[in-house]
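These are the residues of each chain, in order.
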Amino acid sequence: MPLFRRRLKTDEHQWVQDRLSLYLDGRLDPGERARVEAHLRDCATCARSWETLRWTVQALRALPPVRAPRSFALRPEQVARVPQPVGWLRRTAWAMAAALILVLGLDFALSLGRIAPGPAMAPAVAPAAPAPQAEREALRAMEMEDHTRSPEPSPAPMFGLAVPQATPTTAAEQLPGPEEIPPPSAPAFPLSPLRILEFLLLLGAIGLLALDRWRSQRPR
Amino acid sequence: MASSASFPDPEEARLIEVARSGDLEAFNELARRYQDRLYHIAYRIMGDHDSAADAMQEALIAAFRGIRGFRGGSFLAWLTRIVTNACYDELRRRRRRPQASLDALFVVDQGPEAEMTLPPVEGPEFYVERRELADLLHRAIQSLPEDQRIVLVLSDIEGYSYEEIAGILQVPLGTVKSRLSRARMRVRDFLLAHRELLPGTIRPS
Numbered sequence: 001m002p003l004f005r006r007r008l009k010t011d012e013h014q015w016v017q018d019r020l021s022l023y024l025d026g027r028l029d030p031g032e033r034a035r036v037e038a039h040l041r042d043c044a045t046c047a048r049s050w051e052t053l054r055w056t057v058q059a060l061r062a063l064p065p066v067r068a069p070r071s072f073a074l075r076p077e078q079v080a081r082v083p084q085p086v087g088w089l090r091r092t093a094w095a096m097a098a099a100l101i102l103v104l105g106l107d108f109a110l111s112l113g114r115i116a117p118g119p120a121m122a123p124a125v126a127p128a129a130p131a132p133q134a135e136r137e138a139l140r141a142m143e144m145e146d147h148t149r150s151p152e153p154s155p156a157p158m159f160g161l162a163v164p165q166a167t168p169t170t171a172a173e174q175l176p177g178p179e180e181i182p183p184p185s186a187p188a189f190p191l192s193p194l195r196i197l198e199f200l201l202l203l204g205a206i207g208l209l210a211l212d213r214w215r216s217q218r219p220r
Numbered sequence: 001m002a003s004s005a006s007f008p009d010p011e012e013a014r015l016i017e018v019a020r021s022g023d024l025e026a027f028n029e030l031a032r033r034y035q036d037r038l039y040h041i042a043y044r045i046m047g048d049h050d051s052a053a054d055a056m057q058e059a060l061i062a063a064f065r066g067i068r069g070f071r072g073g074s075f076l077a078w079l080t081r082i083v084t085n086a087c088y089d090e091l092r093r094r095r096r097r098p099q100a101s102l103d104a105l106f107v108v109d110q111g112p113e114a115e116m117t118l119p120p121v122e123g124p125e126f127y128v129e130r131r132e133l134a135d136l137l138h139r140a141i142q143s144l145p146e147d148q149r150i151v152l153v154l155s156d157i158e159g160y161s162y163e164e165i166a167g168i169l170q171v172p173l174g175t176v177k178s179r180l181s182r183a184r185m186r187v188r189d190f191l192l193a194h195r196e197l198l199p200g201t202i203r204p205s
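Going line by line, the protein sequences match chains A and B. For the first sequence, my numbering begins at 1 and goes up steadily by one. For the second sequence, my numbering begins at 1 and goes up steadily by one.
Derived from the structure by calculation, the hints contain no laboratory data. Values in this document were obtained by computation on a predicted structure and should not be read as measured data. Think of the CB as a built atom: it goes at the ideal place given N, C-alpha and C, for glycine as much as any other residue. Check the hints yourself; a few may be wrong.
As the list claims (entries may be wrong) - Far from chain B, by Cβ distances over 12 Å, these chain A residues were calculated:
| hint | residue |
| --- | --- |
| 1 | Thr-56 |
| 2 | Ala-59 |
| 3 | Val-66 |
As the list claims (entries may be wrong) - Not the full set, but computed from the structure, chain A residues with beta-carbon under 7 Å of chain B:
| hint | residue |
| --- | --- |
| 4 | Thr-10 |
| 5 | Ala-38 |
| 6 | Arg-41 |
| 7 | Arg-61 |
| 8 | Gln-78 |
| 9 | Val-79 |
| 10 | Ala-80 |
Stated by the list, open to error - Away from chain B, derived, C-beta distances all over 12 Å, residues of chain A:
| hint | residue |
| --- | --- |
| 11 | Asp-18 |
| 12 | Leu-20 |
| 13 | Leu-22 |
| 14 | Tyr-23 |
| 15 | Glu-37 |
| 16 | Arg-70 |
| 17 | Arg-75 |
| 18 | Ala-98 |
| 19 | Leu-104 |
Generate coordinates for the entire structure from the input sequences, incorporating the hints supplied.
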């Protein structure tokens, strides 16, 4: 298989070329070093590459030093502390914190509305309430345990945020009886989009503040 | 040449302690000790004296302000790290050189064998004093991508070990090795590509 052998040969060149720099610095283990040296004995091309590389590094090492053209001693006014402008990181962090407070307020207002439900509240709350599929499944399972009713419960009986999903028109017809309404406090912290937003804002603000602190302490 | 020899110098330790308390004179005394070496690094990385001086100035100001962050070890290595960071920042600010056009010039090693000719036996130390070779080497260094250039300067011009460079640049050892290898190959290829600019004695026949 001449093609295969040729391929192997080419790879050996490359393998050696990749290690010439380490070989120059004596950073190869004995096995690798022997392999490089054996190849350099056999291969004129790689041997020339090695010689020119060694020459180049010797020339670099022999470059005459360049002295500082003047004193770089610092003057007091150069290191006087100026009040640092608030960086964009910290500004963004504070903006996120402010947004978090707003969202928390909104959440609180919504939960107040939920405790005292009225038909007027329903449309306003509905858009914020698409419960994730997994949660819906879990609820369905819980409900089956609680009520052991029909195997395919209607979408209406939900808890908390999801309750107002029934539109005002259908609500009158489909409103479940009082004994069927699940207690509003059933699962304490439903994973609503608002909650996710609150969580992300909190995480973001803390993360940015930490990053800002790290950046200001780093010696550049 | 190598810098690993950071023998605990009692005078230096005392100066660092005083400088940490905000004493500018003590810090300037430390800077004076190392400014030639630091300047040489900045000059080889930046390529010209004006930029090197700018980077030096910024680095020393940052070093004085951040000296409380110095956690022992080699003070020179710590300063070197700040200088290379200042050079990075300065280069990033300029970004004037499109690297791709330069990359295209150097295709590694696949040329005809005739191009891989050897210089004469006297060795480069003899000739490097000559302006032509020193200038050509300087241009070759400038042609490198920043990451490779900085590693090459720290290794082959400043004599830092692989391990020290990894510590200064905060990169893995393997990264230092591969950047240095590529940088050296490129400088070599640059010299070969421009060998007509070398003095007659070391120009390959």
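Hint-by-hint comparison with the structure:
Consistency note on A/Thr-56: stated as away from chain B, yet its beta-carbon is not over 12 Å from all of that chain's, at 4 Å minimum. Listed as a non-interface residue, A/Ala-59 fails to keep its Cβ farther than 12 Å from every Cβ of chain B; the least gap is roughly 3 Å. In this structure A/Val-66 is not separated from chain B by more than 12 Å, as the shortest Cβ-Cβ distance comes to only about 5 Å. Taken as an interface hint, A/Thr-10 does not check out: its beta carbon lies about 11 Å from the nearest beta carbon of chain B, beyond 7 Å.
Hint on A/Ala-38 is violated. Least Cβ distance to chain B is approximately 19 Å, over the 7 Å limit. Look at A/Arg-41: its Cβ only gets to about 17 Å from chain B, farther than 7 Å, so that hint breaks. Because the smallest distance between the Cβ of A/Arg-61 and any Cβ of chain B comes to about 6 Å, under 7 Å, the interface hint for this residue holds. Taking 7 Å as the C-beta contact cut-off toward chain B, the hint placing A/Gln-78 at the interface holds, the least distance being around 6 Å.
The beta carbon of A/Val-79 is positioned within 7 Å of a beta carbon in chain B (closest approach about 5 Å), and the interface hint is therefore held. For A/Ala-80, the interface hint is violated, the least distance from its beta-carbon to any beta-carbon of chain B being 10 Å, above 7 Å. Listed as outside the interface, A/Asp-18 is inconsistent with that label: its C-beta sits roughly 7 Å from the nearest C-beta of chain B, within the 12 Å cut-off. A Cβ of chain B approaches the Cβ of A/Leu-20 within 12 Å, the least distance being about 7 Å, so the stated non-interface status is violated.
The claim that A/Leu-22 lies off the interface is violated: its Cβ sits roughly 6 Å from the closest Cβ of chain B, which falls inside the 12 Å cut-off. Its closest Cβ contact with chain B, about 10 Å, brings A/Tyr-23 to no more than 12 Å, contrary to its assignment away from the interface. Residue placement check: A/Glu-37 keeps its beta carbon more than 12 Å from all beta carbons of chain B (closest about 18 Å). Some Cβ of chain B comes within 12 Å of the Cβ of A/Arg-70; the nearest lies about 8 Å off, and the non-interface call is violated.
Residue-level check failed: A/Arg-75 sits 8 Å from the nearest beta carbon of chain B, not beyond 12 Å. No beta-carbon of chain B is positioned within 12 Å of the beta-carbon of A/Ala-98; the least distance is around 31 Å. Against chain B, the non-interface label of A/Leu-104 holds: every CB pair exceeds 12 Å, the least being about 37 Å.
Hint compliance for this structure: hints 1, 2, 3, 4, 5, 6, 10, 11, 12, 13, 14, 16 and 17 are not met, and every other hint is.
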